Structure formats: C-alpha cells, structure tokens
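*Asks:* Chain residues, written in single-letter form:
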Amino acid sequence: MGKLRLRFAKEGRAVYISHLDLLRTFQRVFLREGLVVRHSQGFHPHPILSFALPLSVGQSSICELLDFEVEEALDGQGMAEALNRYMPEGIRALECYVPVRPVRELAKLSCEVDFLYDAGVPDNAGEQIAELLARESVMIQKRTKRKTLADIDIRPLLHSLKVTEEPGFLRLNAVVSAQNPGMNPALLAAAVERHAPTLKADFVRVRRLETLDESGGIFR
Amino acid sequence: MDKRLERILPQVQKPARYVGGEYNEVHKDPKNVEVRFAFCFPDTYEIGMSNLGYRILYGVLNEMPGVWCQRAFAPWPDMEAEMRSAQIPLCALESGEPIGDFDIVGFSIGYEMAYTAVLNMLDLGGIPLRAEKRPSLTPLVIAGGTAMYNAEPIADFIDLALIGEGEELLPELVNLLRRAKKENWSKPQFLRSAAQTEGVYVPSLYDVAYKEDGTIQSITPQDGAPSKVYKRVVHDMDKSYFPAKTIVPSTEIVHDRVTLELFRGCIRGCRFCQAGYVYRPVRCRSKEQLVQQGEEALRDSGYQEVTLSSLSTSDYPELTALCDGLEKYCSQNHVNLSLPSLRADNFSMELMQRLQKGRKAGLTFAPEAGTQRLRDAINKNVTEEDLTNSLRTAFSGGWSAVKLYFMLGLPTETDEDVLGIAEIANHAVHTWREYASNKNRGLRLTVSTSWFVPKPFTAFQWEAQIPLEEYERRVKLLREAMTAKAVTYNWHDGDTSFIEAVLARGDRRIGKVLEAVSRKGSCLDAWSDYFDLNRWLEAFSECGLDPAFYASRQREKDEILPWSVISCFVSDEYLWRQRELAYQSKATPDCRTACSGCGANVVEGGECYHG
Numbered sequence: 001m002g003k004l005r006l007r008f009a010k011e012g013r014a015v016y017i018s019h020l021d022l023l024r025t026f027q028r029v030f031l032r033e034g035l036v037v038r039h040s041q042g043f044h045p046h047p048i049l050s051f052a053l054p055l056s057v058g059q060s061s062i063c064e065l066l067d068f069e070v071e072e073a074l075d076g077q078g079m080a081e082a083l084n085r086y087m088p089e090g091i092r093a094l095e096c097y098v099p100v101r102p103v104r105e106l107a108k109l110s111c112e113v114d115f116l117y118d119a120g121v122p123d124n125a126g127e128q129i130a131e132l133l134a135r136e137s138v139m140i141q142k143r144t145k146r147k148t149l150a151d152i153d154i155r156p157l158l159h160s161l162k163v164t165e166e167p168g169f170l171r172l173n174a175v176v177s178a179q180n181p182g183m184n185p186a187l188l189a190a191a192v193e194r195h196a197p198t199l200k201a202d203f204v205r206v207r208r209l210e211t212l213d214e215s216g217g218i219f220r
Numbered sequence: 221m222d223k224r225l226e227r228i229l230p231q232v233q234k235p236a237r238y239v240g241g242e243y244n245e246v247h248k249d250p251k252n253v254e255v256r257f258a259f260c261f262p263d264t265y266e267i268g269m270s271n272l273g274y275r276i277l278y279g280v281l282n283e284m285p286g287v288w289c290q291r292a293f294a295p296w297p298d299m300e301a302e303m304r305s306a307q308i309p310l311c312a313l314e315s316g317e318p319i320g321d322f323d324i325v326g327f328s329i330g331y332e333m334a335y336t337a338v339l340n341m342l343d344l345g346g347i348p349l350r351a352e353k354r355p356s357l358t359p360l361v362i363a364g365g366t367a368m369y370n371a372e373p374i375a376d377f378i379d380l381a382l383i384g385e386g387e388e389l390l391p392e393l394v395n396l397l398r399r400a401k402k403e404n405w406s407k408p409q410f411l412r413s414a415a416q417t418e419g420v421y422v423p424s425l426y427d428v429a430y431k432e433d434g435t436i437q438s439i440t441p442q443d444g445a446p447s448k449v450y451k452r453v454v455h456d457m458d459k460s461y462f463p464a465k466t467i468v469p470s471t472e473i474v475h476d477r478v479t480l481e482l483f484r485g486c487i488r489g490c491r492f493c494q495a496g497y498v499y500r501p502v503r504c505r506s507k508e509q510l511v512q513q514g515e516e517a518l519r520d521s522g523y524q525e526v527t528l529s530s531l532s533t534s535d536y537p538e539l540t541a542l543c544d545g546l547e548k549y550c551s552q553n554h555v556n557l558s559l560p561s562l563r564a565d566n567f568s569m570e571l572m573q574r575l576q577k578g579r580k581a582g583l584t585f586a587p588e589a590g591t592q593r594l595r596d597a598i599n600k601n602v603t604e605e606d607l608t609n610s611l612r613t614a615f616s617g618g619w620s621a622v623k624l625y626f627m628l629g630l631p632t633e634t635d636e637d638v639l640g641i642a643e644i645a646n647h648a649v650h651t652w653r654e655y656a657s658n659k660n661r662g663l664r665l666t667v668s669t670s671w672f673v674p675k676p677f678t679a680f681q682w683e684a685q686i687p688l689e690e691y692e693r694r695v696k697l698l699r700e701a702m703t704a705k706a707v708t709y710n711w712h713d714g715d716t717s718f719i720e721a722v723l724a725r726g727d728r729r730i731g732k733v734l735e736a737v738s739r740k741g742s743c744l745d746a747w748s749d750y751f752d753l754n755r756w757l758e759a760f761s762e763c764g765l766d767p768a769f770y771a772s773r774q775r776e777k778d779e780i781l782p783w784s785v786i787s788c789f790v791s792d793e794y795l796w797r798q799r800e801l802a803y804q805s806k807a808t809p810d811c812r813t814a815c816s817g818c819g820a821n822v823v824e825g826g827e828c829y830h831g
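Top to bottom, those sequences are chains Z and P.
Each residue of the first sequence is one higher than the last, beginning at 1 in the working numbering.
Each residue of the second sequence is one higher than the last, beginning at 221 in the working numbering.
In case anyone wonders, no lab produced these hints; they're calculated from the structure.
Here the structure is a predicted model, which is why all the values come from computation and not from measurement.
Among the hints, erroneous ones may be present.
[Unchecked claim] For the chain Z half of the interface with chain P, some residues (derived, Cβ under 8 Å), not all of them:
#, residue
1, A14
2, Y16
3, T25
4, R28
5, R32
6, P88
7, E89
8, Y117
9, G120
10, V121
[Stated by the list, open to error] Over the 12 Å line for every Cβ pair with chain P, so calculated as not near, a few chain Z residues:
#, residue
11, R13
12, D67
13, Q141
14, D153
15, V163
For glycine and all other residues, C-beta sits at the position ideal for the given N, C-alpha and C.
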C-alpha cells in the first residue's frame with residue numbers, strides 16, 4: 001500500500017470539467033490503466049482521491065495536485081506517461097511521485113490573470129489597477145455559503161502582484177493565499193469591477209502556474 | 221477553441237457538454253477528409269450520448285477512410301439564447317465547425333416530439349429549413365431512427381430519410397455522396413440515384429394528393445422512385461459493429477455506463493408497440509461475443525456499470541449463462557450489472573441473485589393494463605399470477621422499491637380495466653407484507669400511467685386516441701381508487717401525449733405547423749418545461765388544420781395511410797388481423813412458440829426465429 005501524488009495540467013477544453021466530473025474522470029483513467037486505487041470501506045465503497053485545491057470551472061492550471069493511495073507499493077515512476085494514454089483532451093499528467101510534504105504546507109499559488117479589453121487596454125489601466133490592489137485594504141463583496149453577501153478584504157490574501165500590458169490585454173501575475181483561507185484569483189477582477197468600474201475587463205482568464213509553500217518556495 | 225464560445229460558456233449551465241474533447245473523441249486530418257458528416261441528435265448532449273444507436277453509427281462512419289463524423293446536440297435554452305445573441309452558429313464538437321459547412325447533416329430521430337428540435341438545430345446552424353430552399357448538393361439534410369417510419373411530418377425539411385437499421389445503409393449513402401461530389405452531380409440527380417438504394421426514402425419524389433375529407437387520395441412516385449421502400453436490416457448481429465471503444469463523456473450523462481445489445485427485435489408482439497413490429501425479426505448476439513465485448517468496453521472506458529439492453533432483455537435465450545460469463549470480470553473489478561425493465565412473467569430467482577451482487581436499485585415491471593382481458597387484447601401475455609410471483613421473488617430477495625407501468629386509453633378499455641390497476645397495486649402491497657424479507661425499509665411502490673398514443677406500424681395504427689377529457693376522467697377514477705399509503709401514483713401529462721399522437725400519424729401537411737410552432741419558440745418539446753400546448757394549438761389553427769383529425773379519428777381499413785410507402789415487412793393484413801384479435805381479447809403466441817405469419821420472415825429467407 002502506498003501513497004502517490006500526481007501533478008497534472010488542466011487546460012483547453014478540459015477547463016469546463018467540474019470538480020465532481022474530474023473525480024469521475026480520474027477514477028476511470030486509473031481503471032483504464034489497470035491501477036487499483038484504494039477504496040473507502042463501507043456500504044458503497046468509492047476510490048479515495050483527493051485534489052489538493054479544487055479548481056473553478058473555466059480556469060486553467062499547470063500545477064494541479066491529486067493525492068491517492070494504491071494497493072501496491074509504487075514509486076510513481078513512469079506513471080504520468082502511462083496515464084496520459086487515457087486522458088481526455090486537455091488533462092495532462094506531469095509527474096507522479098511519493099509525496100513527502102503534507103498538503104497543509106501548500107500555502108500559496110502563483111497565477112496569471114488576464115484582463116481582456118476588446119477596444120484595447122484603457123490608458124494607464126495597468127498603473128491604476130496596480131495602485132488599487134496595493135492599497136492597505138481591498139474590500140469586495142462575496143457570496144457566502146449561506147447565499148448572503150459578505151464584505152471581505154482580499155488584500156491580506158494577495159502577496160505579490162505584477163501588472164504588464166500586452167496588446168489587447170493586461171496580464172496580472174499574482175501570488176495569492178492557497179488555503180485557510182484561500183483566495184480565488186478571479187476575485188482580483190471583482191475588486192477592479194467594484195473600485196474602478198471603468199477598468200472592468202470584457203473577459204477575464206485565470207491560470208494557475210505554481211504551487212508554493214509559506215516561504216515562497218516551490219511546493220511538491 | 222472559438223474565442224466567442226469561450227466568452228459565453230461561463231454564463232451557461234453545464235458548459236462541459238458544449239466543448240467535446242472527451243476520451244475517444246475521433247479526430248481526423250481535414251486534408252484526408254472527403255465527406256464531413258455532422259451527426260445531429262435533436263436533444264441534449266446527456267440524452268444523445270446515452271443512445272447506443274448514435275454511438276454505433278458514430279463508430280461505423282469514422283471507421284470509413286475519408287469520412288469524418290462529428291457530433292452536434294441541441295443546446296439547452298440558456299445556451300441557445302447566448303449563442304443567438306453572440307451570433308454563434310451550431311457547431312460540431314470535434315472541429316468546432318458550423319454544421320452548415322458539412323456535406324451531410326444527419327439527424328437521429330427516435331421520438332416525434334424531437335421534430336421541433338430538428339428544425340431549431342437547422343436554424344441555429346444557419347441552414348434553410350425547407351429542402352426546396354437548399355438547391356445545392358450539400359449540405360444534404362438526412363434523418364434516420366425509429367420516428368422515420370413515418371417521416372411525413374418533416375418531409376418538407378429533409379432531403380431523404382433512412383428506413384431501418386443504419387449500419388450498412390449509411391455507409392452506402394455516404395459513398396454515393398462521395399461519388400456525387402467528385403462527379404459534380406446536381407442535387408436532383410443525387411436524390412434520384414439515392415432513391416434506388418434499398419431503405420432510402422426521398423419524400424420529394426412522391427406526390428401526395430388529398431381527398432376533400434382530408435384523407436389521402438393517392439401517393440404517386442416520381443422519377444423512378446420505388447412504390448415501396450423497405451427497411452434495412454442487419455442480418456448477423458455477431459458480424460455487426462459494436463462500439464467497444466467509444467466516447468466516454470467527461471460530464472455525467474443519463475446512461476453513464478457500458479450498454480450491451482443482446483438482440484434486436486422482440487418475440488412478443490404487443491399490439492401497441494411500434495418497436496415490437498418494426499424491429500422484426502429477432503436477431504441475437506452470441507453470449508460469447510457479448511461477454512467479450514462487455515469486457516473490452518469496460519476495460520477501455522473505465523466504466524463500472526454495464527447494462528444488458530434489448531426490447532425485452534429477459535427473453536434472451538441464454539440470459540443466465542450470459543450473466544455468469546460477465547460475472548467473473550464484474551466481481552473482480554467492482555462492476556455493477558444491471559437490467560432495464562423486466563417482463564413480469566420470467567423474472568427468476570436465479571436472475572435476481574445475479575443482480576443482487578450489485579446495488580439494489582429499483583425494479584421496474586410493465587404489466588401495461590389492469591385486467592387479464594385487456595392484457596390479452598393488447599397481447600401483453602403476462603398474468604396476474606406471473607406478476608405476483610415476480611413481486612414475491614423481488615420482495616423476499618430484499619427489493620423494496622418497485623415501479624409498475626400501465627397505459628390508460630388502450631383500445632377496448634373500460635372502467636373495470638382502469639380500476640384493475642388499483643387492484644394490482646393493492647395486491648402488490650399485500651404481497652410485500654407477506655413476503656418482504658426486510659420490512660424496516662418500508663415499501664416504495666410507484667404506479668405510473670401514460671396516455672396511450674397509437675403509432676404507425678402497430679395493430680392500433682387505425683385507432684382513435686381517446687379524448688383528453690376522457691383520459692383525465694380515467695386518471696381521476698384511478699387516483700381515487702388508489703388508496704394504499706405505500707403507493708405513489710404518477711400520471712403522464714396529457715398535453716404532450718396529444719401532440720405526440722398528432723405527430724406520430726401526421727401527414728405532410730403537418731410540416732407547416734412544425735414551422736409555425738418553431739417560429740413561436742418551440743425548441744425542446746420533449747421536455748415538459750419547454751412544451752406549451754397552446755403554442756401548438758395556435759399553430760394548428762393558423763395553418764387551418766385540426767389536430768383531432770390526426771389524433772382522435774378512427775381510420776377505415778382501406779384508408780391510404782401517410783406512411784404507406786414505407787414497409788417494415790410486417791404486412792398491413794397481419795396488423796389488421798391483430799387488431800381484430802384485440803377486439804376479441806384473443807392473444808397471439810410469441811414468435812418462439814409459433815410463427816404467426818407477420819411477413820418479417822422474408823428478411824431471413826423464410827424462417828426468422830433462431831435459437
């Protein structure tokens with residue numbers, strides 16, 4: 001019996017696969033490969049799969065982590081290549097290994113958030129957005145689990161930000177808190193919409209780039 | 221991916237169903253593709269991808285070199301609104317190309333209520349609805365599926381219909397189009413040639429004349445089109461294509477499992493059942509092949525459920541042996557084996573034990589009618605004792621959720637027959653009290669009734685559907701008689717069944733009604749949320765047609781029926797004989813017991829039941 005961690009990318013058409021559907025997809029991918037994943041005990045046994053940080057539908061990532069246990073003692077060597085033969089388009093296993101660090105040490109996420117402007121990037125938008133998100137507090141309204149709106153300050157969850165202007169869009173490279181509590185990078189767009197409505201983008205693309213620990217080192 | 225599509229997807233429910241990219245999706249190099257086939261299913265992705273026939277033909281077409289079959293489904297209305305406002309046409313999932321750019325746009329139509337979805341999908345694809353408005357050879361709009369045994373309601377919109385099973389016919393047609401494209405044939409030239417292919421029905425080559433009373437005067441073939449179009453049939457199931465390697469959707473669909481097809485056809489001959497007549501004769505797959513195909517499909521897909529499908533699965537001659545054969549792989553790999561609805565007369569302990577290893581989902585039986593007399597009249601050869609025995613087996617084996625299906629409004633039905641349904645339900649409750657192995661779980665007995673819709677190619681194709689008020693009276697009668705607390709009674713919405721009865725036996729004049737109702741916003745009439753009877757009634761009155769003429773009128777024996785050019789080999793004389801037997805409440809033995817001479821045996825050279 002051994003624990004394994006799979007790092008994978010979820011991009012392109014696969015970004016629309018929901019969390020629950022992704023769980024089912026991986027169950028099937030493992031079965032196609034003939035990998036026996038440990039199942040829960042009980043009346044309706046199901047394979048124990050755990051995604052480190054659920055990804056919102058529509059966002060892409062090249063740093064997803066999936067933990068699972070297998071019946072045999074395996075070190076994950078060659079597993080990523082083997083699994084890639086059975087993936088839907090857009091999901092790509094990058095590496096598989098025996099995890100050393102617990103998922104709770106995954107503290108931060110590096111990501112890029114693209115603000116697309118159909119009529120071109122407004123003048124000084126990059127500077128204004130950088131200034132806005134550098135304030136001492138950046139309040140936004142967020143729907144809570146009880147479906148009411150709550151004011152939260154995202155500033156403490158945003159650890160670094162760099163804005164670069166590209167033709168037709170602004171790219172925000174950000175490091176945000178990953179968990180306890182984490183911050184969905186899409187909230188950066190919500191903050192701009194609330195505090196600088198004229199700079200609201202026509203479309204926002206979010207992409208996770210890397211998992212980091214508390215000190216900013218790469219988390220594996 | 222299309223940038224415009226990316227913009228709208230965050231606004232819609234379940235976006236995964238609009239993007240494709242699933243495991244086993246077929247891609248081809250466009251340079252080597254000569255014929256592009258947009259395979260359209262006039263319902264949602266979740267329904268279409270659950271359809272075995274659709275998967276078979278996707279596989280068959282993509283096995284052809286130079287042919288690329290791609291999928292398109294009806295968008296849910298939220299997606300449709302976004303597509304229309306962003307001016308995005310309906311596109312195929314594989315390449316993202318608009319369906320209007322394909323050589324063939326083919327619809328799989330299993331159900332009459334899907335007609336409005338067909339029209340809506342054409343419209344979303346930017347394709348002119350009426351065939352006459354499409355003078356060029358491509359896109360060629362074709363349709364197949366069970367509903368096409370009477371293609372008349374959509375005859376104005378399709379270029380041709382394929383009758384019967386498509387595994388051999390569809391490749392023949394695609395190859396004909398390939399040739400026509402290379403040799404620059406005109407569309408009329410192609411259609412005339414296609415009409416000579418067995419199983420192809422080209423509606424525009426038949427002139428229909430009507431009498432003053434609205435019935436058909438004559439149907440005249442033109443340009444050498446055959447006076448009868450016979451359905452196509454696959455002769456050897458063991459040699460026919462099975463999609464062992466098939467698309468595994470990344471989002472949950474309705475039948476999210478491996479489906480094995482045990483046999484085609486049905487030995488029973490229930491007089492109301494269109495499938496029972498049009499799929500004749502019975503043709504089985506061997507159990508060895510089924511076991512092999514099941515394992516192969518399970519291994520390739522990673523599915524953990526396999527279902528054994530056919531019109532009447534428990535009539536498969538070697539069902540127990542088949543279950544045994546599949547069991548080894550299933551139990552080793554935590555795979556659940558399931559059966560669709562069962563006949564109440566041969567549900568055995570042995571079979572139940574096979575199933576018991578999986579989860580105990582509900583069991584469904586369809587006695588169809590409340591008294592023995594009426595069951596004899598419709599030739600549903602199930603006795604009350606059969607049902608009681610089956611229920612006893614089920615309850616003592618630990619099942620506690622049972623569904624019973626019935627129809628109201630069958631020909632010759634009386635109030636006694638209606639009340640018989642309540643009696644059966646009460647008996648079922650008694651049987652449970654007496655035999656249930658675990659009463660703590662309680663009994664969940666669901667009784668469902670639908671409103672009988674007479675269909676073409678059945679013994680009841682001449683019958684009138686009972687009026688809506690009469691159907692509602694019978695529902696009320698039954699509801700009041702259904703006293704047991706453990707019983708939930710559901711009845712089917714009458715409005716839909718009325719329009720279904722109109723479309724099922726409609727003629728060509730219905731086309732303009734479909735066009736009108738489509739303009740008024742009909743798009744997914746198979747979904748009760750999006751069905752509106754008033755919209756239909758308005759469309760009928762605008763077109764000067766009376767829906768009751770189609771649904772509620774008794775036809776004479778010598779009336780020329782709109783679908784009379786089509787033949788499923790079962791003769792009209794046979795169907796009329798069956799109708800007369802129904803009025804005498806006399807049953808006909810099943811095909812395994814004795815051949816009753818329906819005519820389908822010509823397909824197999826005289827003898828149609830083997831095994």
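*Asks:* If a hint holds in the structure, say so; if it doesn't, say that too.
*Replies:* Each hint tested on the structure:
no., hint, verdict
1, A14, "holds (6 Å)"
2, Y16, "holds (4 Å)"
3, T25, "holds (6 Å)"
4, R28, "holds (3 Å)"
5, R32, "holds (5 Å)"
6, P88, "holds (5 Å)"
7, E89, "holds (4 Å)"
8, Y117, "violated (13 Å)"
9, G120, "violated (16 Å)"
10, V121, "violated (17 Å)"
11, R13, "violated (3 Å)"
12, D67, "holds (20 Å)"
13, Q141, "holds (19 Å)"
14, D153, "holds (25 Å)"
15, V163, "holds (22 Å)"
Consistency with the previously given hints fails for numbers 8, 9, 10, 11, ordered from lowest to highest.
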